[in-house]
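2 protein chains.
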Amino acid sequence: MTESQAKHELGILREKIDEVDRKLVDLLNERTRVVEEIGTVKRQSQLPVYEPKREDMVYANVSAHNHGPLPGDSAKRIFERIMDEMRTLQRNKMESTKSQC
Amino acid sequence: MTESQAKHELGILREKIDEVDRKLVDLLNERTRVVEEIGTVKRQSQLPVYEPKREDMVYANVSAHNHGPLPGDSAKRIFERIMDEMRTLQRNKMESTKSQC
Numbered sequence: 067m068t069e070s071q072a073k074h075e076l077g078i079l080r081e082k083i084d085e086v087d088r089k090l091v092d093l094l095n096e097r098t099r100v101v102e103e104i105g106t107v108k109r110q111s112q113l114p115v116y117e118p119k120r121e122d123m124v125y126a127n128v129s130a131h132n133h134g135p136l137p138g139d140s141a142k143r144i145f146e147r148i149m150d151e152m153r154t155l156q157r158n159k160m161e162s163t164k165s166q167c
Numbered sequence: 067m068t069e070s071q072a073k074h075e076l077g078i079l080r081e082k083i084d085e086v087d088r089k090l091v092d093l094l095n096e097r098t099r100v101v102e103e104i105g106t107v108k109r110q111s112q113l114p115v116y117e118p119k120r121e122d123m124v125y126a127n128v129s130a131h132n133h134g135p136l137p138g139d140s141a142k143r144i145f146e147r148i149m150d151e152m153r154t155l156q157r158n159k160m161e162s163t164k165s166q167c
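Protein chains in written order, with our numbering: chain P, 67 to 167; chain U, 67 to 167.
This is chain P alone, in the form it adopts within the complex (with noise of 0.2 Å):
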């Protein structure tokens, strides 16, 4: 494969991540409002915020549903940040609630 060859190739493969990466963004935030819902009836309820328990049936899940070529590892790695950043943003909002009151 000639260097000319090797670009063509690398900027239709670098389309087709852009369109995936565009489609990760959208469930992101789909995922985000599931979570505000989520935040939402908790606090209404008084329920705990945070369960632990919960986690493992999340990574249970990914993990079940995961058939490479992405390896189990990996995969909870970055689900261990989407949760994250996610759990901040109900944190952020909680206490602006509060401050609220």
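Treat the hints loosely; a few may be bogus.
The list treats identical chains as interchangeable, and a pair is accepted whether it falls inside one copy or across any two copies.
Straight line, CA to CA, 30 Å or less: simulated DSBU-like cross-link-like pairs of lysine-lysine [as the list claims (entries may be wrong)]:
1) 73 x 142
2) 119 x 142
3) 82 x 159
4) 108 x 159
5) 108 x 119
The hints are simulated quantities; they were obtained by calculation from the structure and are not laboratory data.
Following the hints, complete the assembly by docking chain U onto the known chain P.
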């Protein structure tokens, strides 16, 4: 909202999260497959594997497409984790290819 109503509502919302997460896993695997193809093209044409400018383009694409509620800095940190995991996979693959030579 009673505790029982809240728990019922949470169950429905968590099923939505699980569904979103399964779609996320599918997309992450699709992304991994394209990254592997990119790695193959780069190895065949001896182009550099790590290109920091390309990473900036990934963040720019993500940022331009992110209309919230996920904040931009949260989205960036999630994609940092995704790219970091995929870079590690590529590096491991290169090491194992070298050791076969």
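Evaluation of the provided hints:
1. Taking identical chains as interchangeable, the C-alpha atoms of residue 73 and residue 142 lie at most 30 Å apart only when they sit on different chains, with a minimum of 26 Å there against 33 Å within one chain.
2. For the identical chains of this complex, residue 119 and residue 142 are neighbours both inside a copy (15 Å) and across copies (27 Å), given an alpha-carbon limit of 30 Å.
3. Taking identical chains as interchangeable, the C-alpha atoms of residue 82 and residue 159 lie at most 30 Å apart only when they sit on different chains, with a minimum of 21 Å there against 35 Å within one chain.
4. In the homo-oligomer, the alpha carbons of residue 108 and residue 159 lie at most 30 Å apart inside one protomer (12 Å), although the nearest pairing across protomers, at 45 Å, exceeds that limit.
5. Proximity of residue 108 to residue 119 under the C-alpha cut-off of 30 Å is restricted to the intra-copy arrangement: shortest distance 16 Å within a copy versus 43 Å between copies.
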